[in-house]
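Sequence order for the protein chains is A and B. Numbered by numbering that gives the first Met the number 0, the letters in the first sequence go through residues 0 to 414 in order. Numbered by numbering that gives the first Met the number 0, the letters in the second sequence go through residues 0 to 270 in order.
Just so you know, these hints were derived from the structure itself, not from any lab. Being a predicted model, the structure only gives us computed values, none of them experimental. You may find that some hints are simply not true.
With a straight-line cut-off of 16 Å between C-alpha atoms, the simulated EDC-like cross-links for lysine to aspartate or glutamate are [claimed, not checked]:
1. A:Lys-264 with A:Asp-290
2. B:Lys-163 with A:Asp-380
3. B:Lys-2 with A:Asp-30
4. B:Lys-67 with A:Asp-205
5. B:Lys-65 with A:Asp-205
6. B:Lys-220 with B:Glu-262
7. B:Lys-145 with B:Glu-132
8. A:Lys-264 with A:Asp-209
9. B:Lys-65 with A:Asp-30
10. B:Lys-65 with B:Glu-117
11. B:Lys-65 with B:Asp-116
12. B:Lys-67 with A:Asp-209
So you can see what is in the structure, the chains are spelled out below.
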Amino acid sequence: MLEGFFVELKSRGVPVSLTEWMTLQDALDRDLAHSSLEAFYYLARSVLVKSETFFDRYDRAFQSFFKGIESREEMVDKIMEAMERLPPEDFEALARKAGLDEKSLEEVLKNFREQFEEGHFKDHFGGSKAIGRGGTSTQGAFGYNPAGVRIGQGYGRHRSAIQVAEMRKFRNYDPDLVLDTRQLRVALNRLRRLLPRGPKDELDLDTTIDETCRNAGELELVFTAPRRNTVKLLLLMDAGGSMTPYSRLVSRLFSAARSQFQDLKYYYFHNCIYDDVWTNMQNSEEMSTEDLLRTYGSEYKVVLVGDANMAPSELLDRNGAISYFYMNETPGIWWLYRIATRFPAAVWLNPEPARYWLHSITIPIVSRVFPMFPLTLSGLDDAIQTLLTTQRPRIRAEEIKSFVEKRRHPFGRSW
Amino acid sequence: MEKEFTGTDNYITSGPLREVVNASVVLGRPLLVKGEPGTGKTLLATAIAENLGMPLIRWFIKSTTKAKDGLYVYDTVQRLHDSRFSDHDVTDIENYIRMGPLGEAFATPEQAVLLIDEVDKADLEFPNDLLNELDEMSFYIYETQKTVRAQHRPAVIITSNNEKELPDAFLRRCLFHFIEFPDERMMQDIVRVHHPDIQENLMNAVMRQFYWIRNMDELRKKPSTSELIDWVQVLMEGGVDPAELSRRVPFLGVLMKKEHDVEFLREQLVQ
Numbered sequence: 000m001l002e003g004f005f006v007e008l009k010s011r012g013v014p015v016s017l018t019e020w021m022t023l024q025d026a027l028d029r030d031l032a033h034s035s036l037e038a039f040y041y042l043a044r045s046v047l048v049k050s051e052t053f054f055d056r057y058d059r060a061f062q063s064f065f066k067g068i069e070s071r072e073e074m075v076d077k078i079m080e081a082m083e084r085l086p087p088e089d090f091e092a093l094a095r096k097a098g099l100d101e102k103s104l105e106e107v108l109k110n111f112r113e114q115f116e117e118g119h120f121k122d123h124f125g126g127s128k129a130i131g132r133g134g135t136s137t138q139g140a141f142g143y144n145p146a147g148v149r150i151g152q153g154y155g156r157h158r159s160a161i162q163v164a165e166m167r168k169f170r171n172y173d174p175d176l177v178l179d180t181r182q183l184r185v186a187l188n189r190l191r192r193l194l195p196r197g198p199k200d201e202l203d204l205d206t207t208i209d210e211t212c213r214n215a216g217e218l219e220l221v222f223t224a225p226r227r228n229t230v231k232l233l234l235l236m237d238a239g240g241s242m243t244p245y246s247r248l249v250s251r252l253f254s255a256a257r258s259q260f261q262d263l264k265y266y267y268f269h270n271c272i273y274d275d276v277w278t279n280m281q282n283s284e285e286m287s288t289e290d291l292l293r294t295y296g297s298e299y300k301v302v303l304v305g306d307a308n309m310a311p312s313e314l315l316d317r318n319g320a321i322s323y324f325y326m327n328e329t330p331g332i333w334w335l336y337r338i339a340t341r342f343p344a345a346v347w348l349n350p351e352p353a354r355y356w357l358h359s360i361t362i363p364i365v366s367r368v369f370p371m372f373p374l375t376l377s378g379l380d381d382a383i384q385t386l387l388t389t390q391r392p393r394i395r396a397e398e399i400k401s402f403v404e405k406r407r408h409p410f411g412r413s414w
Numbered sequence: 000m001e002k003e004f005t006g007t008d009n010y011i012t013s014g015p016l017r018e019v020v021n022a023s024v025v026l027g028r029p030l031l032v033k034g035e036p037g038t039g040k041t042l043l044a045t046a047i048a049e050n051l052g053m054p055l056i057r058w059f060i061k062s063t064t065k066a067k068d069g070l071y072v073y074d075t076v077q078r079l080h081d082s083r084f085s086d087h088d089v090t091d092i093e094n095y096i097r098m099g100p101l102g103e104a105f106a107t108p109e110q111a112v113l114l115i116d117e118v119d120k121a122d123l124e125f126p127n128d129l130l131n132e133l134d135e136m137s138f139y140i141y142e143t144q145k146t147v148r149a150q151h152r153p154a155v156i157i158t159s160n161n162e163k164e165l166p167d168a169f170l171r172r173c174l175f176h177f178i179e180f181p182d183e184r185m186m187q188d189i190v191r192v193h194h195p196d197i198q199e200n201l202m203n204a205v206m207r208q209f210y211w212i213r214n215m216d217e218l219r220k221k222p223s224t225s226e227l228i229d230w231v232q233v234l235m236e237g238g239v240d241p242a243e244l245s246r247r248v249p250f251l252g253v254l255m256k257k258e259h260d261v262e263f264l265r266e267q268l269v270q
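Sequences are here, hints too, so could you generate the full structure?
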C-alpha cells in the first residue's frame with residue numbers, strides 16, 4: 000500500500016533508507032499521525048527527509064501519490080470504490096466487523112456510506128494503523144479516518160496536506176536552483192579549509208595540562224600547528240552584455256565569496272579573456288592578463304563566471320574581441336588555456352542552464368578548457384569538489400591549435 | 000503519551016513542529032532542527048522542558064568540542080592538586096569523573112531534555128562519534144570501568160545552522176524539522192508576546208516594511224525575528240508615527256547589521 004509512496008520518493012531522488020521507512024511504520028503504529036493526512040504529511044517528512052533541499056521533491060511525491068484523496072467526500076468515494084472490488088468473503092468479514100448484517104451488497108454499501116457520512120467507524124476501519132498497513136484494500140485511503148480529521152489543531156490556516164504540498168514552499172531550496180547569498184555562502188564555505196599549517200609551534204595548553212597531570216606532575220609539553228584558512232580564491236567574472244540577465248545572480252555570488260574568503264582577488268572580463276582584465280569595468284581600470292598570471296601563484300583556486308556563449312570569432316580569432324577598439328594579438332582561447340595551465344585548480348561556472356550548453360558553439364570548446372558547472376547550488380557544490388581535488392589541465396595545446404587553425408569543433412560540428 | 004508538547008505562552012510554535020516534537024519524544028529519537036538564524040531553534044528546547052516539566056541540559060558545541068566531552072571528563076588537574084593535601088581521598092578516581100551534558104542527561108533520575116546546540120560547528124566526525132551512545136543510551140567510563148546507562152531516554156534536540164553537512168548515518172537516526180521563517184500572521188503573534196500593547200496600525204506598517212525588506216535577495220544578512228522585536232521596541236519608545244513608516248525606515252541600524260545592506264536599502268528607498 001504505502002510502499003508505493005516509498006518508491007515514489009525514491010524515484011524522485013529523495014534519499015530514503017529502509018531504516019527510516021521502518022521508523023515511519025513504528026510511528027504510525029503508535030498513532031502519531033492521528034489518522035490525519037496532514038499530520039501524516041509532516042510526520043513522514045520529519046522521519047524520511049533529512050534536508051530541506053529535498054522538501055520540494057517530497058512535496059511533489061506526496062502530491063502525486065495522495066492526490067485525489069484529500070477531502071472527506073473523496074475519501075469516502077475511494078473507500079466505496081475499493082470496497083466494491085473486494086472479494087466477497089473479505090467484504091462479509093468487514094461488514095460483520097462493522098456490526099452490519101444487511102443481506103444485499105447494495106444495502107451494505109448504502110449503509111456504509113451513510114455511516115461514513117455521519118462519522119461512525121472511528122476505530123473499526125483499519126483505523127489509524129491503516130495508513131500504510133492493515134486494511135484489505137489496495138487503497139492507502141483505507142486508513143484515513145474521515146471522522147478523525149482534526150481541524151483547527153494548530154495547523155492554523157486549515158490547509159489540507161495536499162494543499163500544503165501544492166504550495167511547494169521549498170521549491171527554492173531544491174539543489175538544482177540557486178537562492179540567496181546565505182546559501183551561496185554556506186556552499187562556498189565548504190571550500191574553506193582550516194588545516195593545521197606550518198611548524199608545530201603553538202602550545203596546546205589543554206593537552207599539556209592533561210598530559211602533565213596524568214604524568215603525576217612531571218611536565219609534559221604538547222605542541223600543535225596552528226589552524227589556518229589556506230584557501231586563496233581568484234574570481235574572474237564576465238561582465239559582458241549577454242550576462243545582464245544574470246547580473247543579480249553573479250553579484251550575489253560575489254557578495255557571498257567576499258564575505259567568506261579573506262584572500263579573494265577578483266577581475267572582470269568582457270565575453271572572453273584577452274590581453275587585459277579589468278579591476279573596474281566602469282572606469283576601465285585594467286591589468287594585463289600577463290601580469291595576472293605572474294602575480295598569482297598556482298596555489299590560487301580560480302573560479303570563472305560567465306556564459307561562455309559568444310561568436311566563435313571572439314574566442315578563436317586574433318582581434319576577435321567584441322569591442323571594436325580593442326585589439327587582441329592572441330585569440331581568447333589561448334589566454335584561457337594559459338590560465339588553465341597556470342592554475343591547476345580552476346572551474347568555470349555558467350549561469351546559463353546546462354540544457355542549452357550543447358546548442359552553443361563556444362560553450363563546448365570552453366568546457367574543454369575548464370571543467371564547467373551550472374551556477375546552481377548543486378553545480379557550485381560539484382565545482383567546489385573539483386577545486387578541492389586539484390586537477391591537471393585537461394586539455395593539450397594541440398587540441399587548442401586544432402580549434403584555432405583547423406576550426407575543429409569538439410563534437411565535430413562546423414560553423 | 001502522558002504529556003504532549005503544546006508550546007508555551009512565550010514560545011509560539013506551529014502545529015507541525017509540535018507534532019514532530021511529540022513524535023520524537025515518543026519514538027525516542029533525537030530531533031534535528033534547522034532553520035534560519037532567529038527562528039527560535041535553541042529556544043525550542045527551553046520551551047519543551049518548561050512545557051513538559053523536565054529538566055533542561057544544554058550542550059553548546061564549539062569548533063573544538065569533542066564527542067567525549069559530552070560524556071564525561073576526568074579531572075586530572077583537580078586530582079593532582081588534591082594529592083598535595085591530605086584532606087581528600089585521591090585514590091578513588093570516581094571523585095574526579097565529571098559528567099558532561101550527555102552523561103548528565105543519562106544519569107538524571109527523571110527524563111530530561113538535552114539540547115545539543117549548533118552541532119555543525121564541531122568537527123565533521125563529531126556526530127558519528129555520538130551514534131553509539133545515542134543508540135544505546137549508555138556509555139562506558141574507562142577510568143572507573145563503569146557503565147552509565149540512561150534510566151529514561153532523554154528528549155534530544157539538536158540544532159544546526161547548515162554550515163557543514165551532517166553524516167548520513169547520523170541523519171538516519173534523527174527526525175528532522177525545518178523551522179520556516181514565520182509568516183506574517185504568526186509573526187504578529189510573536190511580536191504581541193513581546194509587545195502586548197502594540198497598536199494595530201503600527202503593527203501593520205511594521206509588518207509591511209519588515210517583509211518588504213526580507214524579500215530582498217541582495218541583502219547579506221536578512222533581519223530576523225529578534226531584530227524585528229528590537230525594532231518594534233525602538234519604534235514604540237521613539238513614538239514614531241506609523242504613517243511615516245511607508246516613506247522611510249527609521250532606526251535602520253536596529254534592523255540591519257551590515258553596512259552594505261544599510262546602503263543598499265537606502266538606495267532602494269530613494270527610488
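For each hint, the structure was consulted:
1. A:Lys-264 with A:Asp-290: holds (13 Å)
2. B:Lys-163 with A:Asp-380: holds (12 Å)
3. B:Lys-2 with A:Asp-30: holds (15 Å)
4. B:Lys-67 with A:Asp-205: Answer holds: Lys-67 (chain B) to Asp-205 (chain A) is near 15 Å, not above 16 Å.
5. B:Lys-65 with A:Asp-205: At roughly 13 Å apart (the allowed maximum being 16 Å), Asp-205 (chain A) and Lys-65 (chain B) satisfy the hint.
6. B:Lys-220 with B:Glu-262: holds (13 Å)
7. B:Lys-145 with B:Glu-132: holds (14 Å)
8. A:Lys-264 with A:Asp-209: Distance of about 43 Å is beyond 16 Å: violated.
9. B:Lys-65 with A:Asp-30: Violated, at about 37 Å.
10. B:Lys-65 with B:Glu-117: Between Lys-65 (chain B) and Glu-117 (chain B) the Cα gap is close to 13 Å, so the pair holds against 16 Å.
11. B:Lys-65 with B:Asp-116: OK: Lys-65 (chain B) and Asp-116 (chain B) at ~14 Å, within 16 Å.
12. B:Lys-67 with A:Asp-209: Holds. Lys-67 (chain B) to Asp-209 (chain A) sits at ~15 Å (cutoff 16 Å).
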